[in-house]
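The hints should help you fit chain L onto chain U, whose structure is shown.
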Amino acid sequence: MSLREEMEALLSETLEDPELFGWPITVTDPGGESAQMYGQSTDISLLIDPSTKEAVSGRTASVVLRMSSLVAAGFTSLPKGISDMTLKPWRMDFQDILLNDHTFKVKESNPDRTLGILVCIVEVYRP
Amino acid sequence: MSVGNPTALISTLIDKQDNFEIIRDKIADILKTETASQQALASAAGKTDPDLWKLRVFLERSNAWEQWITIADDTDLSPLVTVEFDSTRTDERSSNTTKSQVKEGVYNLDCFAVGISENDAASGHTPGDREATLNAHRALRLVRNIIMADIHTYLKLRPMVGKRMEQSSMAFRPEFNNEAVQHIVGARLTLMVRFIEETNAQSYDILEIVNITTKRAETGEVLFISEFDYS
Chain U
41 MSLREEMEAL LSETLEDPEL FGWPITVTDP GGESAQMYGQ STDISLLIDP STKEAVSGRT
101 ASVVLRMSSL VAAGFTSLPK GISDMTLKPW RMDFQDILLN DHTFKVKESN PDRTLGILVC
161 IVEVYRP
Chain L
58 MSVGNPTALI STLIDKQDNF EIIRDKIADI LKTETASQQA LASAAGKTDP DLWKLRVFLE
118 RSNAWEQWIT IADDTDLSPL VTVEFDSTRT DERSSNTTKS QVKEGVYNLD CFAVGISEND
178 AASGHTPGDR EATLNAHRAL RLVRNIIMAD IHTYLKLRPM VGKRMEQSSM AFRPEFNNEA
238 VQHIVGARLT LMVRFIEETN AQSYDILEIV NITTKRAETG EVLFISEFDY S
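Line by line, the protein sequences are chains U and L.
Each residue of the first sequence is one higher than the last, beginning at 41 in our numbering.
Each residue of the second sequence is one higher than the last, beginning at 58 in our numbering.
The shape of chain U in the complex, shown without the other chains:
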């Protein structure tokens, strides 16, 4: 096994282990198929204005998943932003640290095909 493959395998601990930083995330594809996965999620209300580099109020949320786990869960494609209004979006459901439920849709996805990590920027979605 190459070092790169070892790093990808380590994602089961560094990214998905619920005893460490893994957080339960329910992923639902546009066809309605869903799976409970573990990854990392963020939902913070502090942004940095890129023009002034000052901290400004705003809210940004993201999800990080292991790409091989998405495949193993049966998804035939990776989550991504869906702009077509006639289709359902990729949906991410997870709780915050206070166990409040939040529903998001994938706004844009940034796959790292080197190490097998998928970063999704999400936005609020009303199911």
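Hints listed in this document are in silico derivations from the structure and should not be mistaken for laboratory results.
Where is the CB? At the ideal position from N, CA and C, for every residue including glycine.
Heads up, a few of these hints could be off.
Restraint ranges, calculated between C-beta atoms of paired labels, are given here [as the list claims (entries may be wrong)]:
1. U/Ser85 to L/Ser157: 45 to 53 Å
2. L/Asn176 to U/Ile84: 53 to 61 Å
3. L/Ala129 to U/Ser52: 33 to 41 Å
For chain L alone, coordinates are given in the frame of chain U:
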């Protein structure tokens, strides 16, 4: 060189609003009053959703849309407009140095609207970015039609206000790197208002009263008859 101790020469307290402030407040007042009326008209006309004419009006708020950062079930998602004073420019040819100046003030009427992506209960979804944009354009439409209505030509401030005119309109997004969880779109209407700004007139003691009567003699010569006390 010593300049000595300066002495204040203005003996009256400056405690009234300048006209640029009065105009700013009046613009907000007009928007508030007229949008409430529009909602009532929409109800009377049988419109299915009179809230489409709802506009929340703010004054000099830099972040009035912050309420949309965390949206709860009871968060008011109606578009909002904030009235902001931008600048003035003095028309020196029409002004005098002691009593009043003619100015052209610029006011920014910034409309903001939020859009949330939503399941459409069919096979698709309504995208939040499009909803936010259309809502912002609708807010801009309301603001422009109200402020540029002929009945508001002088913003109910005649003779202080001599003219008001839309300078420009533009759309913008107060998001950063497209990472925000909700879509917020802004639309600005820049309004120019020409008005008179008066200075703080001092009251002066009358030092002398001189009465002058002009007469014309039979020869046609102009004569002055003056009476005054002197000491």
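Against the structure, the hints:
1. U/Ser85 to L/Ser157: 45 to 53 Å: holds, 48 Å
2. L/Asn176 to U/Ile84: 53 to 61 Å: violated, 26 Å
3. L/Ala129 to U/Ser52: 33 to 41 Å: holds, 36 Å
Comparing the model with each numbered hint stated earlier shows that hint 2 is the single one that does not hold.
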